[in-house]
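Protein chains: 2
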Amino acid sequence: MEAVAAKRILLVEDEQSLAETVKLNLELEGYHVTLAEDGRAALKAVKQARFNLVILDVMLPEIDGFSVCESIRLVNSELPVLFLTAKNSAADRIHGLKIGADDYLSKPFNLEELLLRVNNLVRRSTRKDGEPLSEYSFDGYRINFSRHEAEVPGKGTINLTKKEAALLRLLVERKNEVVSREHILEIVWGYDIYPSTRTIDNYIVTFRKYFEPDPSRPRYFHSVRGIGYKFSEAVPAG
Amino acid sequence: MEAVAAKRILLVEDEQSLAETVKLNLELEGYHVTLAEDGRAALKAVKQARFNLVILDVMLPEIDGFSVCESIRLVNSELPVLFLTAKNSAADRIHGLKIGADDYLSKPFNLEELLLRVNNLVRRSTRKDGEPLSEYSFDGYRINFSRHEAEVPGKGTINLTKKEAALLRLLVERKNEVVSREHILEIVWGYDIYPSTRTIDNYIVTFRKYFEPDPSRPRYFHSVRGIGYKFSEAVPAG
DNA sequence: AGCGAAATGTTAATCCATTGTCAAAATTCC
DNA sequence: GGAATTTTGACAATGGATTAACATTTCGCT
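Quick note, the sequences are listed as chains L and C, same order.
Every position in the first sequence, counted from 1, becomes a number in the working numbering once 692 is added.
Every position in the second sequence, counted from 1, becomes a number in the working numbering once 692 is added.
Be aware that one or more of the hints could be misleading.
For chains that are exact copies, the list does not tell them apart, and a pair is met inside one copy or across any two.
Computed list of lysine-lysine pairs in PhoX-like fashion (alpha-carbon distance at most 20 Å, straight line) [as the list claims (entries may be wrong)]:
1) Lys867 - Lys790
2) Lys901 - Lys867
3) Lys715 - Lys799
4) Lys855 - Lys736
5) Lys854 - Lys736
6) Lys855 - Lys922
7) Lys739 - Lys855
8) Lys901 - Lys847
9) Lys854 - Lys715
10) Lys799 - Lys779
11) Lys901 - Lys779
12) Lys739 - Lys854
13) Lys847 - Lys736
14) Lys799 - Lys922
15) Lys790 - Lys922
16) Lys855 - Lys901
17) Lys922 - Lys901
18) Lys736 - Lys779
19) Lys922 - Lys867
20) Lys779 - Lys790
21) Lys867 - Lys779
Worth flagging that the hints you see were computed from the coordinates, not collected in a lab.
Computed from a predicted structure; not experimentally measured.
Using the sequences and the hints given, assemble the complete structure.
And the structure:
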């Protein structure tokens with residue numbers, strides 16, 4: 693039985709004592725909490741590490757919480773954001789929700805309520821999607837993830853290694869979507885492992901060798917610069 | 693192009709006029725709304741049909757909302773539940789959240805806020821694999837942010853780069869509003885990067901090439917002199 | 001109206017971070 | 001210990017982001 697990795701929360705709050713209280717309580721709930729004291733630090737943190745939730749104060753030095761949320765949303769639409777703020781007019785709440793917040797709690801807040809709402813958001817966002825794919829076919833190729841095999845017309849059967857199978861499955865399960873390098877690391881490698889970014893590319897190279905008729909002009913395994921990779925079933929050749 | 697099935701909401705509220713108002717507004721948002729006037733009817737409805745969200749009043753004849761929620765949770769732990777109620781003590785909210793509510797809004801509530809929270813809950817819970825979390829369509833164009841693609845009738849599919857996607861998204865999210873150059877720089881580029889303002893124009897040029905039938909006479913990407921840019925869905929041609 | 005300044009449109013060229021590639025090193029697994 | 005697998009590091013190649021330069025439009029001003 694493997695231990696479940698602690699969910700990670702980015703807490704953005706400049707008020708020292710409040711931040712400490714919240715952090716402590718979240719940690720008691722089993723979360724791993726990173727603290728950022730202003731908007732700039734928050735954006736930096738989001739770029740560098742992977743979080744399951746961001747708790748954002750609105751009134752921050754430097755960059756306000758709303759802007760931080762907007763910036764996050766342009767790049768990452770999945771990451772749940774919870775606003776925690778003294779601004780409590782309906783207009784503020786609506787603004788927050790409109791720019792992509794998932795919840796909005798106003799100060800002074802009840803700690804237990806915060807924890808419950810946090811649990812909700814984290815639970816919802818980390819829920820597994822359906823059955824893991826065990827087999828997948830496209831254009832005559834056939835991949836069997838549980839057996840770690842791939843059949844390639846003309847080439848015969850290829851044995852996939854563990855990591856190959858894991859990464860391939862991830863890309864196929866998210867077919868047509870761009871999967872970010874961060875996400876790949878999170879899922880295939882795990883949170884606290886940081887292999888050099890060359891590592892991922894190497895697997896892509898391998899996949900291209902396996903599946904691409906012309907590896908230098910990929911039809912299936914596309915790279916999206918600055919973000920990650922995308923597996924897509926080929927479109928009819930032009 | 694397949695039509696997306698309307699999301700289904702079960703609204704449990706005994707107060708006639710309020711129920712009607714909420715129902716109407718949810719329907720305007722494109723939801724299919726079923727109304728139940730008491731807890732018993734609510735439970736029956738949940739058994740008979742599939743819903744994407746339940747909006748529950750707490751004070752109900754026959755069976756109160758809390759009990760309804762608990763019953764639902766015994767059978768279905770996924771179905772999002774939103775409480776909508778006059779009971780607004782912290783204790784009530786906590787109780788609601790504890791027994792499995794996903795959100796808790798107290799009367800009197802702001803209608804827009806309700807709609808936003810409903811959207812949130814439904815969107816997150818109905819996301820299936822491969823379904824984009826964020827897509828935007830207008831006039832036959834289709835922009836898919838999770839794929840970083842735009843479909844243009846007649847031209848096929850265009851790949852969007854990182855910055856293109858970010859800026860496009862910002863403009864689209866603010867459709868019909870003017871977004872200032874300063875704001876664009878802040879949100880898309882960040883706070884310590886100052887590219888020449890020509891840079892933004894270049895992206896606009898690109899967008900016009902992608903989307904405008906006649907790039908020199910923009911219908912979608914308008915510049916507002918001295919301020920910034922505005923994306924607007926085309927109005928009927930004059 | 002006509003002029004000039006300022007803002008925006010447009011193109012092409014440059015720069016540089018990201019990715020492709022491969023061989024060698026490190027690690028893991030029998 | 002030896003084979004398979006994974007990771008790293010060096011270098012090349014690529015393509016997206018940015019800028020510079022020039023064209024055009026807009027708008028205030030007389």
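Where does the structure disagree with the numbered hints, that is, which hint numbers, in rising order? 9, 11, 13, 14, 18, 21
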